[in-house]
Amino acid sequence: MIKVAICDDIPEMTSQVEDLLTKYDSSLFHCDVFLTSEKLMRSLASTDYDFFILDIELPEHSGIDIAKLIRKSNYNVPIIFLTSYSQYMPEVFEVQTFDYIIKPISPNTLFPVLDKVVKYLNLDDNHFSFTFNRISYNLKLNNIIFFEKRRRQVIIHTLTGNLIANMATTTILNKLDNSFVQVHNSFIINPRYVQEIGNNFVILTFSDQSQEIPISRKFKHSARDKIITQLRNEI
Amino acid sequence: MIVDVVIRLSSFIIYVFLLNFFFLDGSIDLKIQLKTIVFVCILMIIIALNTSLVPESVEPVINIIVTVGLIVTIAKHHNIPAKEAIFLTIIFLAIDFICETLSVSLFESLLSPQFGPTSFLFKIMTTGITMIVEILLIIGAKLIFFKNKSYYQSLTIPALLTLSSIPIISVMILFSFLLSKLNINIQNNYFELFVVLGILYMNICILYLYNNLTSHLRKINQITLQNNALKAERKYITEIKKTQKTIQSIRHDLKNRFLVILGLLDQNDIDSAKEYLNKTLDSVSTHQVMYSEDPVLNYILNEKSKIAKRNHTQFNIKVFVSHNIEIENDIFAILIGNLIDNSLEAVARLSAGKRRSISLVIKQLHKNLLIDISNYYDPKEVITRKSRQYDGLGTNNVKTIVNDYHGIYKQWTEGATYHVDIALFNVARD
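Just so you know, the sequences run in chain order A and B. The numbering used here puts the first residue of the first sequence at 14, with every later residue one more than the last. The numbering used here puts the first residue of the second sequence at 29, with every later residue one more than the last.
Just chain A, same shape as in the assembly:
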């Protein structure tokens, strides 16, 4: 079940959102409804939510304030804002908003966003599992930057450091979902970390570091195609 926090000071609005979530899929979501920002902010300390639907215009603390608090502990959880105006607000960008919906809310406006959230949450939760030297590893795909093949071994570059395993390229690719892209016989990358693409190289950035990875002619077109497809999944 996907745990959703809904926050709006108008009870009719929260009920409408709840109804639409049930209409989208009656068994997929577990909703917690908050009519004040304070209640939700207090609840954040004790409960982990999979995504948030927040009204921007709340009486005391705005939806943006709540989002800022959420981002302090979780950078990736999707936040969807409800707003009455389609005006640009720089803060909405600053808190890494997943999407926003302009009121009045309807299946036409909410369901496509829910499609994306569900897709995103599935992507976000996938893991890469393997055993090496009798130790089992279960790495979150999002934390893997790239795989580097060196003969029989594979070096797994992650956000927290490098790991080594014995694995064939086909085995790695089978264990991964479509979100990873092979750019070279020896390299499989996570498009999320792409910072620059040249004619025959790609630069990945992570934790203030950069790494240049070669793109071979064999994978050039398919790699570019897959990278843009994966980036599209994040919007």
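Possibly wrong hints are sitting among the right ones.
[Claimed, not checked] Heads up, simulated BS3-like pairs for lysine-lysine below, C-alpha to C-alpha not over 27 Å straight-line:
| id | chain 1 | residue 1 | chain 2 | residue 2 |
| --- | --- | --- | --- | --- |
| 1 | A | K116 | B | K302 |
| 2 | B | K273 | A | K116 |
| 3 | B | K438 | B | K382 |
| 4 | B | K259 | A | K239 |
| 5 | A | K129 | A | K239 |
| 6 | A | K116 | B | K346 |
| 7 | B | K259 | B | K283 |
| 8 | B | K104 | B | K170 |
| 9 | A | K153 | B | K283 |
| 10 | A | K36 | B | K302 |
| 11 | B | K346 | B | K269 |
| 12 | B | K346 | A | K81 |
| 13 | B | K346 | B | K263 |
| 14 | A | K188 | A | K231 |
| 15 | B | K427 | A | K233 |
| 16 | B | K438 | A | K116 |
| 17 | A | K231 | B | K427 |
| 18 | B | K307 | A | K116 |
| 19 | A | K52 | A | K85 |
| 20 | A | K132 | B | K395 |
| 21 | B | K427 | A | K116 |
| 22 | B | K395 | A | K81 |
| 23 | A | K233 | B | K438 |
| 24 | B | K382 | B | K259 |
[Unchecked claim] Some chain A residues flagged as far from chain B (calculated, every beta-carbon gap over 12 Å):
| id | residue |
| --- | --- |
| 25 | D32 |
| 26 | S39 |
| 27 | E73 |
| 28 | S149 |
| 29 | Y150 |
| 30 | N179 |
| 31 | P204 |
| 32 | S229 |
| 33 | R237 |
| 34 | R245 |
For the record, the hints were derived by calculation from the structure and aren't laboratory data. Please read all numbers here as calculations on a predicted model, not as lab measurements. For glycine and all other residues, C-beta sits at the position ideal for the given N, C-alpha and C.
Model the placement of chain B on the given structure of chain A, informed by the hints.
Quick look at chain B alone, frame taken from chain A:
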């Protein structure tokens, strides 16, 4: 010998008038200075002496010097700036040589070999043909390229050196050709070296011209883009003023509208109240929407939204960009504008009754930017569109910009939906 002198002097005098006509721009005082007359007379004496007393091998060189002297004198008389005068002198010399070579070649092909270069007929005919061609060329050049031209200091030294390259080489080649026709020996080795160096110089000049021309074109392009951006911003400011007025009037009107709704609800006329509310919502949503901090982008999106609305097309726009995006806003505008235009055109071609919808998402993902646009289209069009000659011009512009930014462009179809995705990398500041 006297005949030679008469022929040379008469052609010289015609040339003086011809040059005077060329440099005349209508604004010069027609009064001829005494200094100029004296100098022209001295040149005439030199011509006479050169034709009658100087050895044949030196004669052409002195002729060139006299011609240069004459052109410079007349140019100075007409207050032509120095660099322009130098350039035109070289051009006139080249024209002289072209005319002389042409007349010698014509004479030889028509009457040779009965008459050699020393014969009376040769001299009369070649001088005559030279003068006729020269008159035609100079009058033609004046009427076509220099009509109403006032000479001002516009040439730079590199431009002068570059522009003079081809005439100088022409002069050298034609001079040697003429000398050989007149059976005058020249130092062949030196001459060949001169020609090769001259050709090298000419090619370097062409490269210089190419470089200058491209940078000039780039500047023009840049200025055009800036002008367009400026126009868009001006229009945007006008729109903002209009919007402000609309907001003021809406605020003023709001109280009255609430009273109307209250009245309708008092009478339990829910349907009329709903209808009235919907109308009010419509009028509120017609003002300009701020999608981003970029005024040009906002303006384009608003304008395209209006077009979509006029065409009964649902246009969903979502923009998630910070002010850190480093793409020049005119480039960004071209990119987005072209993409939307293509979608609007495709949707407009849909037959009546089909759903018309466009969705645009511009999202910044850290330092990268992703633009995703999709629209309904008629899948049958894929076949017929191949014949459309001008189709895809906007797409080419988009692809060029994406390439310039080392981005990725992808277009594909999914059922009756046409998608274009663009990814631009590292386009935002920290």
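Taking the hints in turn, this is what the structure says about them:
1. A:K116 to B:K302: Holds, at about 16 Å.
2. B:K273 to A:K116: 24 Å, holds
3. B:K438 to B:K382: Holds - the C-alpha atoms of K382 (chain B) and K438 (chain B) are around 25 Å apart, at most 27 Å.
4. B:K259 to A:K239: 39 Å, violated
5. A:K129 to A:K239: 18 Å, holds
6. A:K116 to B:K346: 14 Å, holds
7. B:K259 to B:K283: 37 Å, violated
8. B:K104 to B:K170: 18 Å, holds
9. A:K153 to B:K283: 56 Å, violated
10. A:K36 to B:K302: Cα-Cα ~25 Å, so holds.
11. B:K346 to B:K269: It holds: about 24 Å lies between the C-alpha atoms, which stays within 27 Å.
12. B:K346 to A:K81: Answer holds: K346 (chain B) to K81 (chain A) is near 21 Å, not above 27 Å.
13. B:K346 to B:K263: Given pair K346 (chain B), K263 (chain B) holds - Cα atoms ~23 Å apart, limit 27 Å.
14. A:K188 to A:K231: Status holds; Cα separation ~22 Å.
15. B:K427 to A:K233: Status holds; Cα separation ~17 Å.
16. B:K438 to A:K116: 32 Å, violated
17. A:K231 to B:K427: Judged against 27 Å, a Cα distance of about 22 Å means the pair holds.
18. B:K307 to A:K116: 16 Å, holds
19. A:K52 to A:K85: 18 Å, holds
20. A:K132 to B:K395: 23 Å, holds
21. B:K427 to A:K116: With Cα atoms ~36 Å apart, K427 (chain B) and K116 (chain A) exceed 27 Å; violated.
22. B:K395 to A:K81: Holds, because 20 Å separates the two Cα atoms, which is no more than 27 Å.
23. A:K233 to B:K438: This hinted pair holds, its Cα atoms lying about 14 Å apart.
24. B:K382 to B:K259: 36 Å, violated
25. D32: Given that every Cβ of chain B is farther than 12 Å from that of D32 (chain A), nearest at about 20 Å, it holds.
26. S39: Holds, because the least Cβ-Cβ distance between S39 (chain A) and chain B comes to about 27 Å, which exceeds 12 Å.
27. E73: 25 Å, holds
28. S149: S149 (chain A) clear of chain B: closest Cβ-Cβ about 32 Å, beyond 12 Å.
29. Y150: 27 Å, holds
30. N179: Label holds. Min Cβ-Cβ 33 Å, cutoff 12 Å.
31. P204: P204 (chain A) is in fact no farther than 12 Å from some Cβ atom of chain B, at 9 Å.
32. S229: With a cut-off of 12 Å, S229 (chain A) remains clear of chain B, as the shortest Cβ separation is near 17 Å.
33. R237: 5 Å, violated
34. R245: 5 Å, violated
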